[in-house]
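J.: Each chain, written out:
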Amino acid sequence: MADKLTRDAVERLADRLGEPGWLAERRLEAFDLFSKMDLPDPRGEEWRYTDVRRFDFDRFGAPTPSMAPPVLPGELAATGVIFTDFVTAARDYPELLEEHFFTDVPVDEHKFTALHGAFHSDDVLLYVPRGVEVELPLEVARRVASGGSTFPHTSIVLEDSASVTLVDSFSSDELSDDALCSSVVEIQAGRGAIVNYISLQSWGRAVSHFQTQRFTGYRDSTVRSLAVNLGSSFARTQVESVLQGEGAFSEMLGLYFADADQHFAQRTLQYHDAPHATSDLLYKGALKEHSRSEYSGLIKVSRGAQGTDAYQANRNLVLSDNALAHSIPQLEIEANEVRCTHGATVSPVEEEHLFYLMSRGIDRVTAQKLVVFGFFGEVLDRIRVPGVRDALSGAISAKVESGAHLEVAV
Amino acid sequence: MATEAEDLKLQEENAAVRDLKGSYKYGWHDATSYDIKPEKGLSHEVVDMMSDRKNEPAWMRKIRHKSLDIFYRKPMPSWGADLSGIDFENIYYYIKPTEMVGSWDDMPDDIKATWDKLGIPEAEKNYLGGVTAQYESEVVYHKTKEELENRGILFMDMDSALREHPEIVKQYFGTVIPPADNKFSALNTAVWSGGSFIYVPPGVEVEIPLQAYFRINQENMGQFERTLIVVDEDSWVHYVEGCSAPVYSSDSLHSAVVEIVVKPRGRCRYTTIQNWSNNVYNLVTKRTAVEEGGVMEWVDGNLGSKVTMKYPSVYLLGERARGEVLSIAYAGEGQHQDAGGKIIHAAPNTQSSITSKSISKDGGRGGYRGLVRIEEGAHHSKSHVICDALILDDASRSDTYPYMEIEEENAAVSHEATVSKVSDEQLFYLMSRGLSETEAMQMIVRGFIEPITRELPMEYAVELQRLVELQMEGSVG
Numbered sequence: 001m002a003d004k005l006t007r008d009a010v011e012r013l014a015d016r017l018g019e020p021g022w023l024a025e026r027r028l029e030a031f032d033l034f035s036k037m038d039l040p041d042p043r044g045e046e047w048r049y050t051d052v053r054r055f056d057f058d059r060f061g062a063p064t065p066s067m068a069p070p071v072l073p074g075e076l077a078a079t080g081v082i083f084t085d086f087v088t089a090a091r092d093y094p095e096l097l098e099e100h101f102f103t104d105v106p107v108d109e110h111k112f113t114a115l116h117g118a119f120h121s122d123d124v125l126l127y128v129p130r131g132v133e134v135e136l137p138l139e140v141a142r143r144v145a146s147g148g149s150t151f152p153h154t155s156i157v158l159e160d161s162a163s164v165t166l167v168d169s170f171s172s173d174e175l176s177d178d179a180l181c182s183s184v185v186e187i188q189a190g191r192g193a194i195v196n197y198i199s200l201q202s203w204g205r206a207v208s209h210f211q212t213q214r215f216t217g218y219r220d221s222t223v224r225s226l227a228v229n230l231g232s233s234f235a236r237t238q239v240e241s242v243l244q245g246e247g248a249f250s251e252m253l254g255l256y257f258a259d260a261d262q263h264f265a266q267r268t269l270q271y272h273d274a275p276h277a278t279s280d281l282l283y284k285g286a287l288k289e290h291s292r293s294e295y296s297g298l299i300k301v302s303r304g305a306q307g308t309d310a311y312q313a314n315r316n317l318v319l320s321d322n323a324l325a326h327s328i329p330q331l332e333i334e335a336n337e338v339r340c341t342h343g344a345t346v347s348p349v350e351e352e353h354l355f356y357l358m359s360r361g362i363d364r365v366t367a368q369k370l371v372v373f374g375f376f377g378e379v380l381d382r383i384r385v386p387g388v389r390d391a392l393s394g395a396i397s398a399k400v401e402s403g404a405h406l407e408v409a410v
Numbered sequence: 411m412a413t414e415a416e417d418l419k420l421q422e423e424n425a426a427v428r429d430l431k432g433s434y435k436y437g438w439h440d441a442t443s444y445d446i447k448p449e450k451g452l453s454h455e456v457v458d459m460m461s462d463r464k465n466e467p468a469w470m471r472k473i474r475h476k477s478l479d480i481f482y483r484k485p486m487p488s489w490g491a492d493l494s495g496i497d498f499e500n501i502y503y504y505i506k507p508t509e510m511v512g513s514w515d516d517m518p519d520d521i522k523a524t525w526d527k528l529g530i531p532e533a534e535k536n537y538l539g540g541v542t543a544q545y546e547s548e549v550v551y552h553k554t555k556e557e558l559e560n561r562g563i564l565f566m567d568m569d570s571a572l573r574e575h576p577e578i579v580k581q582y583f584g585t586v587i588p589p590a591d592n593k594f595s596a597l598n599t600a601v602w603s604g605g606s607f608i609y610v611p612p613g614v615e616v617e618i619p620l621q622a623y624f625r626i627n628q629e630n631m632g633q634f635e636r637t638l639i640v641v642d643e644d645s646w647v648h649y650v651e652g653c654s655a656p657v658y659s660s661d662s663l664h665s666a667v668v669e670i671v672v673k674p675r676g677r678c679r680y681t682t683i684q685n686w687s688n689n690v691y692n693l694v695t696k697r698t699a700v701e702e703g704g705v706m707e708w709v710d711g712n713l714g715s716k717v718t719m720k721y722p723s724v725y726l727l728g729e730r731a732r733g734e735v736l737s738i739a740y741a742g743e744g745q746h747q748d749a750g751g752k753i754i755h756a757a758p759n760t761q762s763s764i765t766s767k768s769i770s771k772d773g774g775r776g777g778y779r780g781l782v783r784i785e786e787g788a789h790h791s792k793s794h795v796i797c798d799a800l801i802l803d804d805a806s807r808s809d810t811y812p813y814m815e816i817e818e819e820n821a822a823v824s825h826e827a828t829v830s831k832v833s834d835e836q837l838f839y840l841m842s843r844g845l846s847e848t849e850a851m852q853m854i855v856r857g858f859i860e861p862i863t864r865e866l867p868m869e870y871a872v873e874l875q876r877l878v879e880l881q882m883e884g885s886v887g
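Respectively, the protein sequence lines represent chains A and B.
If you're matching positions, the first sequence starts at 1 in our numbering and goes up one per residue.
If you're matching positions, the second sequence starts at 411 in our numbering and goes up one per residue.
Derived by calculation from the structure, the hints in this document are not laboratory data.
Incorrect hints may appear among the rest.
Here are the in silico distance ranges between beta carbons for each label pair [to be verified]: (1) A:G304 with B:E860: 24 to 34 Å; (2) B:D492 with A:A78: 52 to 62 Å; (3) B:W489 with A:D160: 35 to 45 Å; (4) B:W489 with A:R303: 46 to 56 Å; (5) A:D32 with B:D479: 37 to 47 Å; (6) B:W489 with A:F57: 25 to 35 Å.
Note that the coordinates shown come from a computational prediction; the quantities given were computed from them, not determined experimentally.
The beta-carbon is built from N, C-alpha and C at its ideal position, and this holds for glycine as well.
When you get a sec, could you build the whole thing from the sequences and use the hints?
T.: Below is the structure:
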């Protein structure tokens, strides 16, 4: 019998990884928090429509770290770029790790982040020194065992004028037993830095997926993100961009396609805490069969964040009678020299569009596929990594046809 | 080009506006001797006392007691505005100023002076089909034009309706908004007093608006009027309410419940120009049930009060029913306007739209909070929501919380919102045409709220515009 998610399992995990004492202590503190905390209340705004009060953690075995350590392409070694796991980082770059360890997503945020704090493993630290531009996208692949759990942590630190792209994929086959993923992503973009972070979630249906992504952009930085949800039975993704420095820019893209009884909950925050920053958010999703999705997004503008330009759009395409979509775009504005706009739509495939295509000799399924592609095109066109774009096109195509599970691999 | 006479008129108007500037126009209070003024505080004894005085049927007394228990049980809302300043024990729940009269001349002088200052008798003469005037807890004046009475329209205060038409009241009371709907609807049901009752028989169109005016005069007053409107098949009615209160240092509470039933193909428009003084908590539940082919329109203007939480709702229960909410909120110094609207599509081919305009200034907090819900089976329903906000200075705040819950594939729902400031280009353009900065700003704001004002009867449009302009005086530094 494998270990469950217990305090002993936390200790054994720290032992096996051979972590220094301070890391192991932080794990135990997080576990004690986890034990004390209640599950999130769906009556609060944060977890509205997402009732996890009966979430049973005893179903899952403790994580078994399995990820191959990240590999830095040879030519980058001399540039000072660090791309490694936490265990290695704790040994080789302890100060760097301590400085950026759970700084943006505190473990006490809710029960799932606390559990993450206790069991984080398969961690990645990506550090890009001042002025270094990494051209090729770096990749990390997360896996989970049937009946098990995984708590991957991604921490990206860019010094001034650095740039990098990371593709973080979370994928598995269809698993026989329930599994859990609770992931945290923290990104710090220094002055003028450019980061592009892509998370691709295509777990098998047995997996429940919880993720919190938080980005901080300093002066004139650019943070681009794409959050994709295709797999798992239940996925909650929280993506937050804090525009901390003047002139910062954040692009936030989301793409989701749910079928059968999949349930996706997405929460975004565009937090303008500095003047003359710009954020541009587009989340598009399609829903088939009995699936449901929630999108809840907030644009928050601090007092003094004059010259803010914020845009937020959520579009839902409903492909079946029984699908259900909730959309809650929100604004909280405390500055007056701002331009904040949001729009949300939920609509079916227009019968006229199908009719037009079919009158040209295209069969109904193909016509529907074309409409869905047209719908997602707006997001796909903005993806800057060709491999990701192609992989997503394939996955969307498979979903329209059969709802078949397709692992997205880049 | 303006003629000399027009210039002169403008000057006079400006002088009048200057006189009013800096003070709340309706902020005086009158020393009034009351018929009944019990102690402050809330209890089952207060409920019994009210029921006794009103000589109510037993079923109503029972509902009141039950509702008070619900009120005690329900927690305060944890969302929306800060309500921690409400002290339920420091409020008068029932004050009876005088017996109701049928002519302004019979009104006690002190109260009549109030109505004269508010211009109500004048308005009744000129353009209203009927007037109800409520002072503290009771309606003190009521009059309906004879021709309306002859056509079978019932327009009276709620207490009279309970005596004269108990069967209609009993049939509908608490059916659209049950006591347990929320804490404040429970409170209202427990201690309600006054409010309007309207019944429009089938096939009758009421061309001229019916009006009610609500006035709070006493410090720490709680006003809990209860309004019930039933619009029968193929009928239509327009009801208008206005509200004001004196300025006091401690707070009053206004917590109304308005229930409306629109029968097949009926149409109701309900217009509110709320101008409570800045020490009134205005926590109101308003809801309409619309049957097949019926139309409900809420026109909701929130200019006054310290805190307003009000989301006029429409439940579209019959096929092809329509609902519309036009909401304007102005939040000045110390004000929080949490306004909005709610539409529930529960039948096929229903349509709705919500248009919200909010303006924040001098540290005020304005906003929109709303819900559009499409129930499963409400196919071919459509809804469109537009929220625009203007923030006039850097101390103010605007919030937008539109909820969309769609459980039906064949439905189209869209939402757009924009928050912006008055652009320098717009100001510059108007000033280059010879307008002062204040005039230019007022003109832009007037244009901003125009989608709402154009829906109001002329007298109210002018009043609303004047109120907004008054609030805006001195907004340009």
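J.: Now look at each hint and say whether the structure bears it out.
T.: Verification of the hints:
1. A:G304 with B:E860: 24 to 34 Å: holds, 32 Å
2. B:D492 with A:A78: 52 to 62 Å: Given a distance of about 58 Å, which is inside 52 to 62 Å, the answer is holds.
3. B:W489 with A:D160: 35 to 45 Å: holds, 41 Å
4. B:W489 with A:R303: 46 to 56 Å: About 22 Å separates the Cβ atoms of W489 (chain B) and R303 (chain A), which means 46 to 56 Å is violated.
5. A:D32 with B:D479: 37 to 47 Å: Hint holds: Cβ distance 42 Å, inside 37 to 47 Å.
6. B:W489 with A:F57: 25 to 35 Å: holds, 29 Å
Hint compliance for this structure: hint 4 alone is broken.
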